[in-house]
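Keeping their order, the protein sequence lines are chains X and L. Going by our numbering, 63 is the number at position 63 of the first sequence; the sequence numbering is gapless. Going by our numbering, 480 is the number at position 260 of the second sequence; the sequence numbering is gapless.
One or more of the hints may lead you astray.
Derived, one-sided and incomplete: chain L residues facing chain X with beta-carbon distance under 10 Å [what the hints assert, rightly or not]:
no.	residue
1	F311
2	N315
3	P385
4	G528
Think about it this way: if two alpha-carbon atoms lie no more than 27 Å apart in a straight line, the pair counts; the simulated DSS-like pairs of lysine-lysine are [said to hold, decoys possible]:
no.	chain 1	residue 1	chain 2	residue 2
5	L	K467	L	K349
6	X	K131	L	K349
7	X	K69	X	K131
8	L	K407	L	K349
9	L	K467	L	K407
10	X	K131	L	K407
If you're looking for bench data, these hints aren't it; they were derived computationally from the structure. Backbone N, C-alpha and C define an ideal beta-carbon position, used for all residues, glycine too.
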Amino acid sequence: MSAPARVPFHNPGWAGNTGEFDLTEADVRGTDFVGERPLDGGHESAAPSYPYMLPDKDPDAVLFEGPYKERFEKIRTRYPTARGALIPTLNLAQELRGHVSPETMDEVAALLGLASAEVRGTVTFYTMYNKRPVGRFLIQVCTNISCSLCKGEEVLDAFLRHTGTELGETSRDGDFTVIEVECLAACGFPVAVQINSRYYENVLPDDVPALLQRLREHGE
Amino acid sequence: MSTVTLTIDGHRVTVPEGTSLLHAAEEIGVEVPHYCYHPALSAPAQCRLCLVDVEGAPKPMPSCVTQAQEGQVVRTDQGLAREMRKGVLEFYLINHPLDCPICDQSGECKLQDYVHSEGRAHGRGVEPKRVFGRDDFGGDVLFYGDRCVMCTRCVRFMEEMAQDPVLTVVERGDRAVIDTFFEQGLKDSSWSGNIVDICPVGALVSKDFLHKARAWDLDHTPSVCPNCSQGCNIDIHTRDNVVHRLKPRENPEVNGHWMCDYGRGRYEWTNRSDRITEPFARGDGGWLAPGWHGALPSLQERLEDCRGPVHAVASAHASNEDLGALRELVERIGGGDIVYRSARASDEVPLPGFPMLARRRDLAPNTRGAELLGMHRVGGDDASGGLDKVAASTGTLIVLGDELADQPEDFGSRAELFVYLGAHPAPAARSAHFVLPVTTFAEQEGTFTNVQTRVQRFEPALRGAGNAQPAWQVLGALTASLAGEPAPASAAESFSRLAARVPEYEDLDYDQLGAQGVPANRPAAIAGER
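Just chain X, with the same shape it has in the complex (with noise of 0.2 Å):
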């Protein structure tokens, strides 16, 4: 029987740049994964997939217009019913704008022909629809349960002062809003940080000001 097979005592995963090891994203993804996706959805098969999540919104964007005209009559071809349709548009709206407004949902209601009470009802189900404004970045910190053994609380303490502000509120600046999230499925790099669309993994809370700093001169 052979001895069993080493395991290294740390295990980067895909953890940013951690100063450990200096992997890119195309290095853990592979260069096919990687690249730009057209702001227009690109194939159809495509379109409704999960949205951007882009640091420059604008509440005030007209639903839709140019590109993302087009992406929303892709999704529309997508779905037998303007039920199904739903979902997808309101990722759209939301990447759009930032966050669905009560104006928004009755907009997106008036696009496909559903009632507005509807579209509210689906919006509030769901917990990645934003109901109010947030900063250039939202900071999603997971206190479920393998973070939370790994100071998942301590973390957002730490994010909430070196921004701050309170849970759930935007800083002044308009740049952080920080929330507390459940299980973001990084369970096994915790503590698990979903930063706009990217994931900071293993973060502990002496990370966090260097983390903001970061965010602050270079974005995501």
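Could you slot chain L onto chain X? The hints should help.
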């Protein structure tokens, strides 16, 4: 039709294929507790209260959507099924405020009933309850979020029946609550009162009925809605001789389980206290109150002497018996024209999910009955005007039930004999020689003929005011004494006289009309009108 035979709680029952277990259990008199299931709406099977134990099934089955199968053995009343309901009910009470003492639903609340019969005697919760407070949905509807059991019957009613989906479930988990689109409310829906009826708990309550009476103090009298010619079957809920609310009574041929807000909200007039309570006769020096025994014989004498033309004004709010007795009297004293006036709306308001039911244009319950008796409608859509010819009458003038609100004070002053029969004082009837008090539909029994020419019975819900008598009795007694015959002793007798007179009612028998009414003999006409 093929059938299946199964065993429920040890009883064998045979039902048509496709019957749900819930209905199969009903067949043998077993009520499976349920919230989200309603016979007229889709069944989402989400309340988890109707779960039953099916032998061989891997887990409990929701009886509202599980179809009965041949040879199934189902338990609803013991073991697993009972334990499960106890558990589900405990969950329902986690955030329930238990404010039964101030809740209007108390006494007719399904949560109260089920917890009393099968729930835990003591709560085990130690955490504070979440609190929503209440929300005004507009119209007559008030929402108490804390009492809600999230059965979504109201959401499905607005979606499937009213087809105006203004209600939805907002948020999720223990924050889930029924709401409209922010402050939009029910948008003046014409059918919103029904969501109060189908709410199994006190979450949706009527503002009109709010804190007015306890459910167990109310008497329920089967009746027919008097507010349009649809003739929805209703229960009149009264306490201490006061009508407190109207509730729809199920009739699959007329109104299903529903009634409109227009009809539901217009009952206050039955409680009016300005009533004519004594028969009055005009004497030499003014009004006399001779009592019925004095008034009727002297009126009979006057009627015998009258030789001029006869005019009569009836009301489409009067029962068939009343109108039939009026017709008979008019013919007895020489015959003449009978007209009626009734309000008419500009359009019908149908219930899209149950198109047989609509708030009809005719805003009176018995326009069809009046027409079958050869009376014809005069005046405008606001029930005014049209009486010029009648007012100028110099012969006999009889007014039944029309308050003559738009008529001048000297209405009927040229008539040789002017008889006014009404429930409420009519200032325009001051020239009358006789003013006789009659009961409203809520104080007498009788029948209305609805827009489908369906004859439907109603029962007395209130005591008559003072010495008021049903018009069929007053008019029938007059006709009978003029003819030297016995007077009709009951509404049934009065109806059989009517059936002999009107060919459409020929085959109808008062007792056989039952609680749901019977279509008159005009099948072709009925089919065309639906």
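Going down the list of hints, with the structure as the test:
{"no.": "1", "hint": "F311", "verdict": "20 Å, violated"}
{"no.": "2", "hint": "N315", "verdict": "18 Å, violated"}
{"no.": "3", "hint": "P385", "verdict": "4 Å, holds"}
{"no.": "4", "hint": "G528", "verdict": "64 Å, violated"}
{"no.": "5", "hint": "L:K467 / L:K349", "verdict": "33 Å, violated"}
{"no.": "6", "hint": "X:K131 / L:K349", "verdict": "25 Å, holds"}
{"no.": "7", "hint": "X:K69 / X:K131", "verdict": "23 Å, holds"}
{"no.": "8", "hint": "L:K407 / L:K349", "verdict": "31 Å, violated"}
{"no.": "9", "hint": "L:K467 / L:K407", "verdict": "22 Å, holds"}
{"no.": "10", "hint": "X:K131 / L:K407", "verdict": "24 Å, holds"}
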